[in-house]
Amino acid sequence: MTQPAVRASGISKRFKLYHERASSLKERVISLRRARYEEFWALKDVSLTVDPGETIGLIGPNGSGKSTLLKVVAGIMRPDTGSVETTGRMASLLELGAGFHPDLTGRENVYLNASILGLTRRETDRYFDDIVAFSELEQFVDMQVKHYSSGMYVRLGFAVAVHVEPEILIVDEVLSVGDEVFQRKCLDRIRMFQKEGRTIVFVTHAVDLVKQICTRAAFLHHGELIEAGPAADVVRTFRETLHGEAHLEAAPMTERGTGEVKIVSVLLRDDEGRERQIFQADEMMDISVEIESQHPVEDPCIGIAIYDERDRHVFGVNSIKRKIDLGTLDGKMRVRFRLNRLPLLEGRYALTVGVHSRDERTAYHWQEKAYAFRCVNVGPDVGPFHIPTEMSVEPL
Amino acid sequence: MNTEETTHRVKPASVTRIEPRIGPLTRIRELLRYRELLGNLIRKELKVKYKNSALGFAWSLLNPLLYLVIFSIVLQEFLGAGLPAFPFYLLTGLLAWNLLSNGLAGATGSIVSNSNLVSKVYFPREILPAASIGAAVVHYVLQLFVLVAAMLLFGWFRHWDQGMVLLPLALLVQLVLLVGLALLMSSANVYMRDVQHLLELALLAWFWMTPIVYASGWVQQNLMNKSPLMWAVYLQNPMAPIVMGYQRALYARPELRAGDAHVLVNAPLEWYAKRLGWTGLVAVAILMVGWTAFRRLETRMAEEL
Chain A
1 MTQPAVRASG
11 ISKRFKLYHE
21 RASSLKERVI
31 SLRRARYEEF
41 WALKDVSLTV
51 DPGETIGLIG
61 PNGSGKSTLL
71 KVVAGIMRPD
81 TGSVETTGRM
91 ASLLELGAGF
101 HPDLTGRENV
111 YLNASILGLT
121 RRETDRYFDD
131 IVAFSELEQF
141 VDMQVKHYSS
151 GMYVRLGFAV
161 AVHVEPEILI
171 VDEVLSVGDE
181 VFQRKCLDRI
191 RMFQKEGRTI
201 VFVTHAVDLV
211 KQICTRAAFL
221 HHGELIEAGP
231 AADVVRTFRE
241 TLHGEAHLEA
251 APMTERGTGE
261 VKIVSVLLRD
271 DEGRERQIFQ
281 ADEMMDISVE
291 IESQHPVEDP
301 CIGIAIYDER
311 DRHVFGVNSI
321 KRKIDLGTLD
331 GKMRVRFRLN
341 RLPLLEGRYA
351 LTVGVHSRDE
361 RTAYHWQEKA
371 YAFRCVNVGP
381 DVGPFHIPTE
391 MSVEPL
Chain B
1001 MNTEETTHRV
1011 KPASVTRIEP
1021 RIGPLTRIRE
1031 LLRYRELLGN
1041 LIRKELKVKY
1051 KNSALGFAWS
1061 LLNPLLYLVI
1071 FSIVLQEFLG
1081 AGLPAFPFYL
1091 LTGLLAWNLL
1101 SNGLAGATGS
1111 IVSNSNLVSK
1121 VYFPREILPA
1131 ASIGAAVVHY
1141 VLQLFVLVAA
1151 MLLFGWFRHW
1161 DQGMVLLPLA
1171 LLVQLVLLVG
1181 LALLMSSANV
1191 YMRDVQHLLE
1201 LALLAWFWMT
1211 PIVYASGWVQ
1221 QNLMNKSPLM
1231 WAVYLQNPMA
1241 PIVMGYQRAL
1251 YARPELRAGD
1261 AHVLVNAPLE
1271 WYAKRLGWTG
1281 LVAVAILMVG
1291 WTAFRRLETR
1301 MAEEL
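Chains as they are written, first to last, in the working numbering: chain A, 1 to 396; chain B, 1001 to 1305.
Chain A on its own, in the form it takes in the complex (with noise of 0.2 Å):
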């Protein structure tokens, strides 16, 4: 194979970030001016090739640049220098049931459809069959799509999408609509893809799907390209550069307590047992207190508490409420604390540690928001909390 699938040289990409947007002439003769705005690079000086047959994930936290450059591959931007050379048909799913008209009926929509993404209507003709049968919605195709559920929507976009089978494929996160049931669907059809040696690039938030069924995979961070590899490395870099970025300084430490018992270390650790002061939303989270005591102490209590920036109390839990004896301290003692998923999007967040009498009255020792910890949002939704959702619409 001599031609790459894709090769993508020197790209960047500018855009400009409106301060005010005037978007009309009344707007701009009144300022006198341009609308303000400011320059941003997107992407700087990108360099990518993709060999046919190839799988590869475009990863990167939010604003790296990674849906821009799909973007650019795909055709529907166009960068500010560099160039792309595409070989073979392209067929891009950033969106399932792109131009899909709600009067019209299942029918006409496939066929609109199908030809925005490149199908001839004799194509279209041919597969028609196939596709309605893929998206099961044998019953409804001739009726109007407005009546339609967002099920049934997504269902016959995705339908047309893989029927266009087409040399190149891109997907922007397109795996991530839809139930369980749908989901396996599009990655048992992204497989057959790759059986067929078709080239996939692809957008994902999810770095294990990633790790999972790609090739090989580019990083980008600020819009820079900063490595393109085999998959499970990339992903290494990816995490390490992501948690390795601002080491987290805790506000100086605040303690009291008469020291009848010391914590010796507060560690915060990830699933796989490296401390990390970033985490992503949902992940585990591992709190090891190690505590220590010259004389037996009887009955020790022990608790954590999580502030945000805001100094709200976010979460806390403590020993006597959980009802966990820890008997009579003498010497050493670690005390875990695993928080199996870390609801937190974004933000800051303080951890004070204390260890004190079970009436409460004696602190031994208190350790006022002396940890620190970030939560980096990875994923598509905002906010403090990360709630699990799921999005649907019905039309009424």
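Some hints could be false.
Computed list of lysine to any residue pairs in SDA-like fashion (alpha-carbon distance at most 25 Å, straight line) [what the hints assert, rightly or not]:
no.	chain 1	residue 1	chain 2	residue 2
1	A	Lys16	B	Gly1109
2	B	Lys1049	A	Tyr111
3	B	Lys1051	A	Glu138
4	A	Lys44	B	Arg1295
5	A	Lys44	A	Asp80
Selected chain A positions facing chain B (in silico; Cβ < 8 Å) [to be verified]:
no.	residue
6	Arg78
7	Gly88
8	Asp103
Quick caveat, the hints were computed from the structure, so don't treat them as lab data. Using N, Cα and C, we set each Cβ at its ideal position, and we do this for glycine too.
Fit chain B to the given chain A structure using the hints.
Only chain B this time, still in chain A's reference frame:
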């Protein structure tokens, strides 16, 4: 779907290059490749327009008929300024005008209203305004059939007239003009949404600058009396020679062409052809400017939407 069939279907590799600027030749090749999409989008516009409507295509005939009633009452009854066979005169110009105004109005908003497509799928963006124009052309051609059928019914065409060759010429010039303006307006509208509103005002003024409701012969007579320059300026409105061309082709019976009738411009057929030829050159220039601007503005369309 087995793999054998699939390998059979993989076509010889075609290379696509995406660069900061779009070259005209590449773009023409692409447009040819996507011509089927154009057809489908035109079909979609027509279907969507008349879906769930009982009268369907009849609506596109009712609008000009209402105009006809209003202008007949105002001009002939109130003002007493009658033109022979006024319905045929008015409709000849009005239908052509509606092609321009409906085509432009649809095309100008076409990219903004299809923003979900533009920001998610690649295809030459010219297809969107072209589809709006295509739908307007389909309407126009159907309306024209109805008009010509009515003229035949009333025995309007007695024999073949050479002037009828102006019909395809006028239509061609109008299409070039329309596409050029549509490319300019639709891309500008992405960046400044008030192009749409500006267009409405411009169309209103433009309508009255074009001999649709009043007779071009009157204008020629009045302006020539004042100064020939004013008549020359009047003819610079590209829609004036186009509408006059249609009128010469469909409406002009010999007795209406005579100088003392003052209905149509008192000039030989060659004069009409020459005016249309000159307007055609202007239209081509507008098309080149419009298309160049479109390709310039297209590079950032997906982000601005």
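Numbers of unmet hints, in rising order: Failing hints: none at all.
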